[in-house]
Amino acid sequence: MKSFLILQFFLFSTNCFGQCQACYKKASTVPNKLFETARCNLKPRCQAAIGKVQKARVAVKNAAKKGNPKALFMMGHWSLYGHHGVEQNKVKAFHFFHKAALKELAQAEHETGMCYEFGYGVKVDFSKAEKWYRLANAHNDIRAKISLGRIKIKKLKNEK
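The opening residue of the sequence shown carries number 3 in this note's numbering; numbering runs sequentially from there.
None of these hints come from the bench; they were simulated from the model.
It cannot be assumed that every hint is accurate.
[Said to hold, decoys possible] Using C-beta positions, here's what the derived DEER-type ranges look like:
#: 1; residue 1: I155; residue 2: G69; range: 15 to 25 Å
#: 2; residue 1: Y83; residue 2: K125; range: 16 to 26 Å
#: 3; residue 1: N64; residue 2: E161; range: 39 to 49 Å
#: 4; residue 1: N142; residue 2: K67; range: 23 to 33 Å
#: 5; residue 1: G121; residue 2: I144; range: 35 to 45 Å
#: 6; residue 1: V93; residue 2: K57; range: 23 to 33 Å
#: 7; residue 1: K67; residue 2: E161; range: 41 to 51 Å
Here a beta-carbon is modelled for each residue, glycine too, at the ideal position from N, C-alpha and C.
Please work from the sequences and hints to get the whole structure.
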């Protein structure tokens with residue numbers, strides 16, 4: 003986890019060529035090395051990423067096929083918004099988020115709740131959205147508290 007946090011810090015720096023080199027070195031110590039290296043390759047601010055986006059896409063897709071929750075989550079976002087050459091498909095996005103959520107990834111639990119709340123790839127169901135937001139909240143996802151409040155208001159409006 004420490005290596006992952008260091009990786010994120012370096013990737014969001016403005017002057018990052020040398021830092022990206024350090025990022026790759028740190029990523030090699032992470033258990034999901036392939037996925038973390040792909041994350042390095044996808045950061046547009048990182049000069050080391052030039053020409054490696056396609057390779058990164060393939061690496062993330064392969065990691066998702068192997069069940070890596072972070073890769074599943076990333077594929078969910080790409081599918082939801084149509085990023086990195088992935089066709090926008092909200093049904094697929096939901097399935098990616100749900101698979102990652104079943105592996106207890108807090109961000110994916112929150113996004114699964116969002117899918118149920120707003121009908122992204124599934125029928126709107128505030129009760130299921132609330133369930134997933136509660137799980138995300140239990141795993142310390144900060145956005146979950148806000149989402150739980152929003153769901154509570156929506157449920158109250160529907161009762162009237």
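Query - Those earlier numbered hints the structure runs against, lowest number first - result: Structure breaks hints 1, 5.
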